[in-house]
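Enquirer: Sequence:
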Amino acid sequence: MENVPHKISESEFWTKFFQSHYFHRDRLNINSKDLFSECAKIDEQDVKNAIDQGIPDPFVDINSFEEDKLLDEDSKTVVSAHNTQKEINQNMIRRFNHHSMMVLQSCSKKKLDNPAEALPNAKKPALMNNCVASNKKNIPSAEPEKDPKKIIIENKIDYEDLRNNSKQNVSSLNLTKVNRYLSGPTPILDTNNVSPEEVVTAVNHLNSAIHHWSPNLPNVLSPNSAIVALGDVLPGGSLMKNMDGTHLKDSVPVEIQTEMKQLYCALSELLRHFWCCFPTTTPQLEEKVLSMQGSLQRFEYAKLQPFQEKLVRNCLQTQLCDHMRSLLLAAYKKFSTWQSRLGR
Numbered sequence: 001m002e003n004v005p006h007k008i009s010e011s012e013f014w015t016k017f018f019q020s021h022y023f024h025r026d027r028l029n030i031n032s033k034d035l036f037s038e039c040a041k042i043d044e045q046d047v048k049n050a051i052d053q054g055i056p057d058p059f060v061d062i063n064s065f066e067e068d069k070l071l072d073e074d075s076k077t078v079v080s081a082h083n084t085q086k087e088i089n090q091n092m093i094r095r096f097n098h099h100s101m102m103v104l105q106s107c108s109k110k111k112l113d114n115p116a117e118a119l120p121n122a123k124k125p126a127l128m129n130n131c132v133a134s135n136k137k138n139i140p141s142a143e144p145e146k147d148p149k150k151i152i153i154e155n156k157i158d159y160e161d162l163r164n165n166s167k168q169n170v171s172s173l174n175l176t177k178v179n180r181y182l183s184g185p186t187p188i189l190d191t192n193n194v195s196p197e198e199v200v201t202a203v204n205h206l207n208s209a210i211h212h213w214s215p216n217l218p219n220v221l222s223p224n225s226a227i228v229a230l231g232d233v234l235p236g237g238s239l240m241k242n243m244d245g246t247h248l249k250d251s252v253p254v255e256i257q258t259e260m261k262q263l264y265c266a267l268s269e270l271l272r273h274f275w276c277c278f279p280t281t282t283p284q285l286e287e288k289v290l291s292m293q294g295s296l297q298r299f300e301y302a303k304l305q306p307f308q309e310k311l312v313r314n315c316l317q318t319q320l321c322d323h324m325r326s327l328l329l330a331a332y333k334k335f336s337t338w339q340s341r342l343g344r
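Residue numbers (the numbering used here): 1 to 344.
Bear in mind the hints are in silico, worked out from the structure with no lab data behind them.
One or more of the hints may lead you astray.
Here are the simulated DMTMM-like pairs of lysine to aspartate or glutamate, each with C-alpha atoms no more than 20 Å apart in a straight line [claimed, not checked]:
#1 Lys41 x Asp57
#2 Lys261 x Asp250
#3 Lys303 x Glu255
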């Protein structure tokens, strides 16, 4: 840019730049008359200096990236890596690496120019070029130096924006009885102490009163009130207006009553085995729950459903099966809740 615009114009400068080897790095032959040949030599010297200095980061091994020889497609013949196409590719990679190196150097220089922004906390070691520069002024000479790898890892997992630097003014708590503090608030006990003899005497009085107690039923409910209450709950009473005056045993045939008793006995036995499985603490109980659930379903479809259809054919009330169905629904609900808790 020093030649612009004294020796060449700006348009001519950019034309030469785009035609130069410095712009087209895929060209191997360097023209000695190229205006930018010196720039390419300076870039190469920068790369060599960086390689000579090395990277002090213990996590990065640049030497392991070198490839002197390559294998062909059959993995049999060893061919040289320094062919024409390989040199072109390496030249491009070196250019990209040089560009990245210059960007990192400019960033590090900017941080050094603004130390307040680069180091908000003076006690925290700084990372420069992926290596740790410890503040030796604040570290006593007697303290041993930390491993660089550990320092790098600590700086990577420590976030300044998540650190709480604000100091909270808190008062210290001095506990005289730690056990009482951990057990929570205790109720205030009565200060009147009762002797053991008084406790024994009170228990004896209570036992004597229980043994000699006799119910006084006439004072609980008068006979007239009892008769009125009994009439209200009988069929035809004020609390049984939807029922007719006939008793159930007079309206249902003896055959239906006998069959209904048998169904109640069978269902009660199945439900007893079902509810005894809870809580299911063993695998055997879990298998029994599944078996009893299937037995209840078979009982409903094989016994209860035909019995209800029989009541309809005989023009009897189907409400006779409502109680048994409610027992089955309660068992089904318990089984569904149990399965949902197991995640099945």
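Enquirer: Is lysine 261 close enough to aspartate 250, meaning Cα to Cα at most 20 Å?
Expert: holds, 16 Å
Enquirer: Just to be careful, I want the Cα atoms of lysine 41 and aspartate 57 compared with a cutoff of 20 Å; is the pair within it?
Expert: Since the Cα atoms of lysine 41 and aspartate 57 sit roughly 27 Å apart, the hinted pair is violated (cutoff 20 Å).
Enquirer: Are the Cα positions of lysine 303 and glutamate 255 separated by 20 Å at most?
Expert: Holds, because 15 Å separates the two Cα atoms, which is no more than 20 Å.
In this structure, the one hint that does not hold is number 1.
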